[in-house]
Amino acid sequence: MVNEDRWEPKIVAFLCHWCSYAGADLAGVSRIQYPPNVRVIRVPCSGAVNPLYILRALREGADGVLVSGCHPGDCHYLSGNYFARRKFFLLKELLSWLGIEEERVQFSWVSASEGQRFAQVVQDVVESVKRIGPSRKMVKEFLLHV
Amino acid sequence: MYEEEIRALSVKLLDEVEGVIGYSWGTLPFRARPFLCQKKEDVTHLVFNHFCGSNLARYLLSGELKEKKIAILAKACDARAITVLIREGQVKRENLVIVGIPCYGMVDRKKLEERFGPLQPQDFEWHLDSLTFKGENLSIGPFLEATCQRCLHPNPPLYDHLIGQEVTYIPRKRWNNDALTKLDMVSREERWAFFAGEFEKCIRCYACRNSCPLCYCKECFAEMQRPYWLSGAATPSENLFFHVGRSLHMAGRCVECGACERACPVDIPIALLPCKVEELIRGNFDFEAGIDPDKEPPLLTYRENDPGEFIR
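For the record, the sequence lines run as chains X and Z.
Here the working numbering is used: the first residue of the first sequence is 1, the next is one more, and so on.
Here the working numbering is used: the first residue of the second sequence is 1001, the next is one more, and so on.
For the record, the hints were derived by calculation from the structure and aren't laboratory data.
Be aware that a few hints might be false.
Stated by the list, open to error - Quick list of in silico lysine-lysine cross-link-like pairs, DSS-like style, CA-CA up to 30 Å:
{"hint": "1", "chain 1": "Z", "residue 1": "K1068", "chain 2": "Z", "residue 2": "K1218"}
{"hint": "2", "chain 1": "Z", "residue 1": "K1276", "chain 2": "X", "residue 2": "K137"}
{"hint": "3", "chain 1": "Z", "residue 1": "K1039", "chain 2": "Z", "residue 2": "K1069"}
{"hint": "4", "chain 1": "Z", "residue 1": "K1012", "chain 2": "Z", "residue 2": "K1066"}
{"hint": "5", "chain 1": "Z", "residue 1": "K1039", "chain 2": "Z", "residue 2": "K1068"}
{"hint": "6", "chain 1": "X", "residue 1": "K10", "chain 2": "X", "residue 2": "K87"}
{"hint": "7", "chain 1": "Z", "residue 1": "K1218", "chain 2": "X", "residue 2": "K140"}
{"hint": "8", "chain 1": "X", "residue 1": "K140", "chain 2": "Z", "residue 2": "K1201"}
{"hint": "9", "chain 1": "Z", "residue 1": "K1110", "chain 2": "Z", "residue 2": "K1173"}
{"hint": "10", "chain 1": "Z", "residue 1": "K1276", "chain 2": "Z", "residue 2": "K1110"}
{"hint": "11", "chain 1": "Z", "residue 1": "K1040", "chain 2": "Z", "residue 2": "K1068"}
{"hint": "12", "chain 1": "X", "residue 1": "K87", "chain 2": "Z", "residue 2": "K1276"}
{"hint": "13", "chain 1": "X", "residue 1": "K140", "chain 2": "Z", "residue 2": "K1276"}
{"hint": "14", "chain 1": "Z", "residue 1": "K1069", "chain 2": "Z", "residue 2": "K1012"}
{"hint": "15", "chain 1": "X", "residue 1": "K87", "chain 2": "X", "residue 2": "K140"}
{"hint": "16", "chain 1": "Z", "residue 1": "K1012", "chain 2": "Z", "residue 2": "K1092"}
{"hint": "17", "chain 1": "X", "residue 1": "K87", "chain 2": "Z", "residue 2": "K1218"}
{"hint": "18", "chain 1": "Z", "residue 1": "K1218", "chain 2": "Z", "residue 2": "K1066"}
{"hint": "19", "chain 1": "Z", "residue 1": "K1092", "chain 2": "Z", "residue 2": "K1040"}
{"hint": "20", "chain 1": "Z", "residue 1": "K1040", "chain 2": "Z", "residue 2": "K1069"}
{"hint": "21", "chain 1": "X", "residue 1": "K87", "chain 2": "Z", "residue 2": "K1092"}
{"hint": "22", "chain 1": "Z", "residue 1": "K1218", "chain 2": "Z", "residue 2": "K1295"}
{"hint": "23", "chain 1": "Z", "residue 1": "K1201", "chain 2": "Z", "residue 2": "K1110"}
{"hint": "24", "chain 1": "X", "residue 1": "K10", "chain 2": "X", "residue 2": "K137"}
{"hint": "25", "chain 1": "Z", "residue 1": "K1201", "chain 2": "X", "residue 2": "K87"}
{"hint": "26", "chain 1": "Z", "residue 1": "K1218", "chain 2": "Z", "residue 2": "K1201"}
{"hint": "27", "chain 1": "X", "residue 1": "K87", "chain 2": "Z", "residue 2": "K1182"}
{"hint": "28", "chain 1": "Z", "residue 1": "K1295", "chain 2": "X", "residue 2": "K87"}
{"hint": "29", "chain 1": "Z", "residue 1": "K1111", "chain 2": "Z", "residue 2": "K1173"}
{"hint": "30", "chain 1": "Z", "residue 1": "K1092", "chain 2": "Z", "residue 2": "K1068"}
{"hint": "31", "chain 1": "Z", "residue 1": "K1134", "chain 2": "Z", "residue 2": "K1173"}
{"hint": "32", "chain 1": "Z", "residue 1": "K1134", "chain 2": "Z", "residue 2": "K1110"}
{"hint": "33", "chain 1": "X", "residue 1": "K137", "chain 2": "Z", "residue 2": "K1201"}
{"hint": "34", "chain 1": "X", "residue 1": "K10", "chain 2": "X", "residue 2": "K130"}
{"hint": "35", "chain 1": "X", "residue 1": "K137", "chain 2": "Z", "residue 2": "K1182"}
{"hint": "36", "chain 1": "Z", "residue 1": "K1039", "chain 2": "Z", "residue 2": "K1092"}
To be verified - Beyond 12 Å from chain X on every Cβ pair, some chain Z residues (computed):
{"hint": "37", "residue": "S1024"}
{"hint": "38", "residue": "E1041"}
{"hint": "39", "residue": "H1045"}
{"hint": "40", "residue": "E1064"}
Cβ coordinates follow ideal geometry from the N, Cα and C atoms, glycine included.
Looking at chain X on its own, in the form it has when it is part of the complex:
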């Protein structure tokens, strides 16, 4: 069982190689402090994030998922993030319609020069997930009991 007192959220972050991952790197080399709850997975482009990745992360016990890519217009592959935006819109709307908390799946645009902003986004995501507590609805059943 999750110990509610000492519980810290686990956040899986899919960061695009060209912008957000570099932004996270900049936050690191600039020694900007941000919560250590985030587990970063680098992907080539936010458009390469299959919505099933997000569902899978939630099922495997993530309390929140953050997907971050280049700002609209800045995509290294020109339009990957525009396609991603449509997919994420549908996923987000469908999950929240089904009754999953909106904070579980979050999206952001962070460029390679926005180290400070990356730290702020992570801070916000962790805080909002802490407010709603541990994930229960989409997690594998046996993880709820270990």
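Model the placement of chain Z on the given structure of chain X, informed by the hints.
Relative to the frame of chain X, chain Z by itself:
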């Protein structure tokens, strides 16, 4: 309904095609089943009525029919599914003769049973948008399947021959009984309680997927080994994953025919999920599957002003 016309046309068509995919009566009353008519003497088995729910476009994908010239009976949703299949390169337009049928909706046997108790076929007389039960004339609206009550396109958008007259009303407006709108009105917690209960029932038989005319992946993500998205265990979390994943795979492709719901052995209103996605697409991306074959599907294109407020 329309049986004389269908049979006469089928006899003519059988000169040029290898078979006509249509419906015949099933072994149980109030059930019709898909029927491949290949001989002229068999056309008397062809029927059309309010129980011809299965989406025949599904049968165009079977290996033996794929390369043959085939005629197919198509209600509006069948014709829309065929349009999507053509667009996706799954069937060839020149191999098809589409016999369009304006559709007044399919009747849900369960709703009939609820109202009239044990059903006897001889008690009923069927008309286009009404029925007569022991002499009493009733509107067909309350007995239609949920997806038919919220139908927006009763007339096939694509056909070579049209049987009967076009439907002159929009069923969703006339019946005013949209299951999706009703769900939209309850709170998120109530909706979760509803769906959690429904997904708990799922036994993951994949009948929904197998009856869907547009679920034709050779290897479904539900059964993939690499990556191993999900196991076959019918636990609530895996069921949710499967149904959400499937709805997203159907995004911009689902023609809202309700084949999945009809096939479900445990009566989960599964069509609600893909229909919700289609409703979002209709509202935000201005697209409907299977209506205009030349329009780019919504997830293969984008606009710079797409909704993006949800992204920080």
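For each hint, the structure was consulted:
no. : hint                : verdict
1   : Z:K1068 <-> Z:K1218 : holds (20 Å)
2   : Z:K1276 <-> X:K137  : holds (20 Å)
3   : Z:K1039 <-> Z:K1069 : holds (14 Å)
4   : Z:K1012 <-> Z:K1066 : holds (22 Å)
5   : Z:K1039 <-> Z:K1068 : holds (15 Å)
6   : X:K10 <-> X:K87     : holds (24 Å)
7   : Z:K1218 <-> X:K140  : holds (27 Å)
8   : X:K140 <-> Z:K1201  : holds (17 Å)
9   : Z:K1110 <-> Z:K1173 : holds (23 Å)
10  : Z:K1276 <-> Z:K1110 : holds (24 Å)
11  : Z:K1040 <-> Z:K1068 : holds (18 Å)
12  : X:K87 <-> Z:K1276   : holds (14 Å)
13  : X:K140 <-> Z:K1276  : holds (25 Å)
14  : Z:K1069 <-> Z:K1012 : holds (14 Å)
15  : X:K87 <-> X:K140    : holds (24 Å)
16  : Z:K1012 <-> Z:K1092 : holds (21 Å)
17  : X:K87 <-> Z:K1218   : holds (23 Å)
18  : Z:K1218 <-> Z:K1066 : holds (15 Å)
19  : Z:K1092 <-> Z:K1040 : holds (25 Å)
20  : Z:K1040 <-> Z:K1069 : holds (16 Å)
21  : X:K87 <-> Z:K1092   : holds (29 Å)
22  : Z:K1218 <-> Z:K1295 : holds (26 Å)
23  : Z:K1201 <-> Z:K1110 : holds (18 Å)
24  : X:K10 <-> X:K137    : holds (15 Å)
25  : Z:K1201 <-> X:K87   : holds (28 Å)
26  : Z:K1218 <-> Z:K1201 : holds (27 Å)
27  : X:K87 <-> Z:K1182   : holds (25 Å)
28  : Z:K1295 <-> X:K87   : holds (18 Å)
29  : Z:K1111 <-> Z:K1173 : holds (20 Å)
30  : Z:K1092 <-> Z:K1068 : holds (10 Å)
31  : Z:K1134 <-> Z:K1173 : holds (29 Å)
32  : Z:K1134 <-> Z:K1110 : holds (19 Å)
33  : X:K137 <-> Z:K1201  : holds (16 Å)
34  : X:K10 <-> X:K130    : holds (10 Å)
35  : X:K137 <-> Z:K1182  : holds (23 Å)
36  : Z:K1039 <-> Z:K1092 : holds (23 Å)
37  : S1024               : holds (38 Å)
38  : E1041               : holds (50 Å)
39  : H1045               : holds (42 Å)
40  : E1064               : holds (33 Å)
Violated hints for the displayed structure: none, as all numbered hints are satisfied.
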